[in-house]
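2 protein chains.
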Amino acid sequence: MKEFETYLKTNAKLVEKNLSKWTGKIPNAPKILTDAMEYSLQAGGKRVRPVLVIATAEAFGKKAADVMPAACALEMLHTYSLIHDDLPCMDNDDLRRGKPTNHKVFGEDLALLAGDALLTYVFEVFAQNGKIKTIGAANTLAALQNFAHRAGASGMVGGQTSDVYAEGMSTQEAQSIRAEKLKKSSKKLADKSLRYFLLPPTAKETTPEAVLRYIHENKTGALIRASVETGALLAGAKGADLKHIQKYADCIGLVFQIVDDILDVTATTKQLGKSNSDAQNGKLTFVSLFGLEGSRKHAQLLIAKAQKALDSLKNVKRKNLAPLYGMAEFFKTRTY
Amino acid sequence: MKEFETYLKTNAKLVEKNLSKWTGKIPNAPKILTDAMEYSLQAGGKRVRPVLVIATAEAFGKKAADVMPAACALEMLHTYSLIHDDLPCMDNDDLRRGKPTNHKVFGEDLALLAGDALLTYVFEVFAQNGKIKTIGAANTLAALQNFAHRAGASGMVGGQTSDVYAEGMSTQEAQSIRAEKLKKSSKKLADKSLRYFLLPPTAKETTPEAVLRYIHENKTGALIRASVETGALLAGAKGADLKHIQKYADCIGLVFQIVDDILDVTATTKQLGKSNSDAQNGKLTFVSLFGLEGSRKHAQLLIAKAQKALDSLKNVKRKNLAPLYGMAEFFKTRTY
Chain U
1 MKEFETYLKT NAKLVEKNLS KWTGKIPNAP KILTDAMEYS LQAGGKRVRP VLVIATAEAF
61 GKKAADVMPA ACALEMLHTY SLIHDDLPCM DNDDLRRGKP TNHKVFGEDL ALLAGDALLT
121 YVFEVFAQNG KIKTIGAANT LAALQNFAHR AGASGMVGGQ TSDVYAEGMS TQEAQSIRAE
181 KLKKSSKKLA DKSLRYFLLP PTAKETTPEA VLRYIHENKT GALIRASVET GALLAGAKGA
241 DLKHIQKYAD CIGLVFQIVD DILDVTATTK QLGKSNSDAQ NGKLTFVSLF GLEGSRKHAQ
301 LLIAKAQKAL DSLKNVKRKN LAPLYGMAEF FKTRTY
Chain C
1001 MKEFETYLKT NAKLVEKNLS KWTGKIPNAP KILTDAMEYS LQAGGKRVRP VLVIATAEAF
1061 GKKAADVMPA ACALEMLHTY SLIHDDLPCM DNDDLRRGKP TNHKVFGEDL ALLAGDALLT
1121 YVFEVFAQNG KIKTIGAANT LAALQNFAHR AGASGMVGGQ TSDVYAEGMS TQEAQSIRAE
1181 KLKKSSKKLA DKSLRYFLLP PTAKETTPEA VLRYIHENKT GALIRASVET GALLAGAKGA
1241 DLKHIQKYAD CIGLVFQIVD DILDVTATTK QLGKSNSDAQ NGKLTFVSLF GLEGSRKHAQ
1301 LLIAKAQKAL DSLKNVKRKN LAPLYGMAEF FKTRTY
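Chains as they are written, first to last, in this note's numbering: chain U, 1 to 336; chain C, 1001 to 1336.
Among the hints, erroneous ones may be present.
Stated by the list, open to error - EDC-like cross-link-like pairs, simulated, lysine to aspartate or glutamate; straight-line CA separation at most 20 Å:
#1 C:Lys-1187 / U:Asp-94
#2 C:Lys-1031 / U:Asp-93
#3 U:Lys-188 / C:Asp-1035
#4 C:Lys-1104 / U:Glu-108
#5 C:Lys-1192 / U:Glu-108
#6 U:Lys-184 / C:Asp-1093
#7 C:Lys-1192 / U:Asp-35
#8 C:Lys-1184 / U:Glu-3
#9 U:Lys-181 / C:Glu-1217
#10 C:Lys-1184 / U:Asp-93
#11 U:Lys-187 / C:Glu-1108
#12 U:Lys-31 / C:Glu-1217
Said to hold, decoys possible - Label-pair ranges, simulated between beta-carbon atoms:
#13 C:Lys-1063 / U:Lys-319: 48 to 58 Å
#14 C:Pro-1027 / U:Lys-184: 26 to 36 Å
#15 C:Ala-1267 / U:Lys-238: 23 to 33 Å
#16 C:Lys-1002 / U:Ala-65: 52 to 62 Å
#17 C:Ala-1065 / U:Leu-242: 23 to 33 Å
#18 C:Pro-1208 / U:Thr-266: 55 to 65 Å
#19 C:Gly-1239 / U:Lys-238: 55 to 65 Å
#20 U:Asn-315 / C:Thr-1206: 54 to 64 Å
#21 U:Lys-17 / C:Pro-1088: 37 to 47 Å
#22 U:Lys-131 / C:Leu-1242: 13 to 23 Å
#23 U:Thr-207 / C:Lys-1002: 52 to 62 Å
Said to hold, decoys possible - Among the chain C residues that face chain U by a calculated CB cut under 8 Å, a handful are:
#24 Met-1037
#25 Leu-1113
#26 Ala-1127
#27 Thr-1140
#28 Leu-1144
#29 Ala-1151
#30 Phe-1197
#31 Leu-1199
By construction, these hints were calculated from the structure, which means they are not laboratory data.
Everything numeric in this text was worked out from a predicted model, so none of it was measured.
Glycine residues also receive a C-beta, built at the ideal position from the N, C-alpha and C atoms.
Generate the whole structure from the sequences, applying the supplied hints.
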């Protein structure tokens, strides 16, 4: 475990150095905008997503430098989502990673624009990966398209949408909270079924468990999955190996969210660097549905599945798989 | 002129048909989100940007179908920028193209997310252009990277940032309006120079004219330029021809904005489909700086330059240049 933590820290630092390089390279923009982008990018965090890109690419025989632009893009995408999620019209949070949120420092309009600028820069930076000869244009374009799919309406933003309307579901207040929200929009929406707000039209059931699964698989899971897939696709992984590594990604993505839900209940605001707002807002969480012990057991089970998926990989450098095993273990045991 | 208007309408309809296909293809998202995305995408508009992608690609020997994904992506990018621009923390507009703005129908949170989802989908759709054999992955990736550059902090979002703080500059109220805005953000920003908010650090002067030029070249101009460049880069244009077509794009981009400023003063709310809010907000515009006649003369001059740039093109199908000449003329004479 100690070995993995060193790996995580070393690569996180490498990513941070490269993030600074990228934000330092933005010409023709008012300084307030690049300052706002940099403020949130440099606010810390574990850099789990870019390190997953690197670790997966290494497993498939590439080097960190081969996928560094895409790895940085993953972290920028994550950062934009936090800036927009903290806005007053969303979670209205004042603190993030122990520091005032972006709009508290730069104002709401600039926080909106800094998020938009980051989300756009994500793809400019990602595309740069095509100029690295060991990767090339075709693999980069395929990885970029898959990544955009996971980050958008079919993935992360879809999960965020459901999350906005799921507030209160665990406390049986869904109807009244939703009614309150709808007052702020047009009357036409009031007659729509719960499914319209919370789940894709293709969903088989509309239980709280189904909603929780959809939110977690997408709001958090999609980007964890995208990180692993990006590393794999850039490195040219395909066939059965791609399926196995996706299985791994799905499992650790869900573990990540379960641990988040556990920490929201058990950790202090100081440990989290933000307020424990999910429980307070009556949000649907693993803990509210399955209890602390049930959630921990669920996490154990998923870790075992993730490890099994790694065991099944064929065309990989097995000695380079240690960080991926370590990441799964780390997700389970992390306490901050 | 009539010929060009037919060309514009025919291609606009083609784009709209393809936009519907794309929004119909978004799996795994709550219906409220895809409805919100579609609401603004299908709210009309002249579809100038995607038609410019098509017209430029045709000039360089490709067909509309060869660049349709990228053309649709350009329109989606434009649409997301309108949704976010209309939000209460930005321009706080109730009407857009004669219909209630996105947040008036779906609420602020959903409008934010619909904009984010569209901006992400832009790149998923754009990347799809790489699968069209006449274009390929390399040209698509190069065009995508250039496009992201124009749409982000170095282009459109940079211009929007400056625009947010330039309110009131034409009426000598810049200081007090800026002070009011800064009250909503942190105190640290209050001591910064005007340049920090309005212009890139590399700008040579901080006059109202310099600010106006920066805003217009970027807030509107960058995306018009990106449309032309996208068509050209996908079609493999390079060297002197690429420079000439960029010159053309710069000129018509600026004409587009000058006409917008003129219409904001001379057209009715009904004609515009939105309120004439720029003049009311004391925004910096061509008309406020140069007067109506001065603005019209400036537009004439730019049209002539744009036509000259087209005259200079070498490796193009000259008979296919008519729509690009027509577009320049159209920008000058449009009254709606």
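Verification of the supplied hints:
1. Taking the CA atoms of Lys-1187 (chain C) and Asp-94 (chain U), the gap is near 16 Å; set against the 20 Å cutoff, the hint holds.
2. The hinted pair formed by Lys-1031 (chain C) and Asp-93 (chain U) fails the criterion: a straight-line CA distance of about 27 Å is larger than 20 Å.
3. Taking the CA atoms of Lys-188 (chain U) and Asp-1035 (chain C), the gap is about 12 Å. The hint holds against a cut of 20 Å.
4. Between Lys-1104 (chain C) and Glu-108 (chain U) the alpha-carbon distance is near 18 Å, which keeps this suggested pair within the 20 Å criterion.
5. This hinted pair checks out: Lys-1192 (chain C) and Glu-108 (chain U) have alpha carbons roughly 18 Å apart, not beyond 20 Å.
6. Between the alpha carbons of Lys-184 (chain U) and Asp-1093 (chain C) the distance comes to roughly 15 Å, so the proposed pair stays at or under 20 Å and holds.
7. At roughly 12 Å between alpha-carbon atoms, Lys-1192 (chain C) and Asp-35 (chain U) fall within 20 Å of each other, so this suggested pair holds.
8. Using a Cα cut-off of 20 Å, the hinted pair Lys-1184 (chain C) and Glu-3 (chain U) is violated, with the two alpha carbons roughly 46 Å apart.
9. Using a Cα cut-off of 20 Å, the hinted pair Lys-181 (chain U) and Glu-1217 (chain C) is violated, with the two alpha carbons roughly 39 Å apart.
10. At most 20 Å may separate the alpha-carbon atoms for a hinted pair to count; Lys-1184 (chain C) and Asp-93 (chain U) meet this at roughly 15 Å.
11. Note on Lys-187 (chain U) and Glu-1108 (chain C): the hinted pairing holds, with a Cα-Cα distance of about 14 Å set against a maximum of 20 Å.
12. A hinted pair counts as satisfied when its Cα atoms are at most 20 Å apart, and Lys-31 (chain U) with Glu-1217 (chain C) qualifies at roughly 17 Å.
13. Restraint check, Lys-1063 (chain C) to Lys-319 (chain U): a C-beta distance of roughly 51 Å satisfies the suggested window 48 to 58 Å.
14. For the pair Pro-1027 (chain C) and Lys-184 (chain U), the supplied restraint of 26 to 36 Å holds, since their beta-carbon distance comes to about 28 Å.
15. Take Ala-1267 (chain C) and Lys-238 (chain U): their Cβ atoms lie about 56 Å apart, and the range 23 to 33 Å is violated.
16. Taking the beta carbon of each, Lys-1002 (chain C) and Ala-65 (chain U) are about 57 Å apart, inside 52 to 62 Å as hinted.
17. Judged by the Cβ atoms, the range 23 to 33 Å given for Ala-1065 (chain C) and Leu-242 (chain U) holds: they are separated by roughly 31 Å.
18. For the pair Pro-1208 (chain C) and Thr-266 (chain U), the supplied restraint of 55 to 65 Å holds, since their beta-carbon distance comes to about 56 Å.
19. In this structure, Gly-1239 (chain C) and Lys-238 (chain U) break the distance hint of 55 to 65 Å, their C-beta atoms being roughly 37 Å apart.
20. The hinted window of 54 to 64 Å between Asn-315 (chain U) and Thr-1206 (chain C) holds, with their beta carbons roughly 58 Å apart.
21. For Lys-17 (chain U) and Pro-1088 (chain C), the Cβ-Cβ distance of about 38 Å falls inside the hinted range of 37 to 47 Å, so the restraint holds.
22. Between Lys-131 (chain U) and Leu-1242 (chain C) the Cβ separation comes to about 19 Å, which falls inside the hinted range of 13 to 23 Å.
23. In this structure the hint that Thr-207 (chain U) and Lys-1002 (chain C) lie 52 to 62 Å apart at CB holds, the actual value being about 59 Å.
24. The beta carbon of Met-1037 (chain C) is positioned within 8 Å of a beta carbon in chain U (closest approach about 7 Å), and the interface hint is therefore held.
25. Because the smallest distance between the Cβ of Leu-1113 (chain C) and any Cβ of chain U comes to about 5 Å, under 8 Å, the interface hint for this residue holds.
26. Hint status for Ala-1127 (chain C) relative to chain U: holds, with the closest Cβ pair at about 4 Å, below 8 Å.
27. The interface hint given for Thr-1140 (chain C) holds, since its Cβ lies 6 Å from the closest Cβ of chain U, which is under the 8 Å cut-off.
28. Below 8 Å, beta-carbon pairs count as interface contacts, and Leu-1144 (chain C) has one with chain U at about 5 Å; its hint therefore holds.
29. Proximity of Ala-1151 (chain C) to chain U holds as hinted, the smallest CB-CB distance being about 5 Å (cut-off 8 Å).
30. The beta carbon of Phe-1197 (chain C) is positioned within 8 Å of a beta carbon in chain U (closest approach about 5 Å), and the interface hint is therefore held.
31. Hint status for Leu-1199 (chain C) relative to chain U: holds, with the closest Cβ pair at about 6 Å, below 8 Å.
Violated hints for the displayed structure, listed by number in ascending order: 2, 8, 9, 15 and 19.
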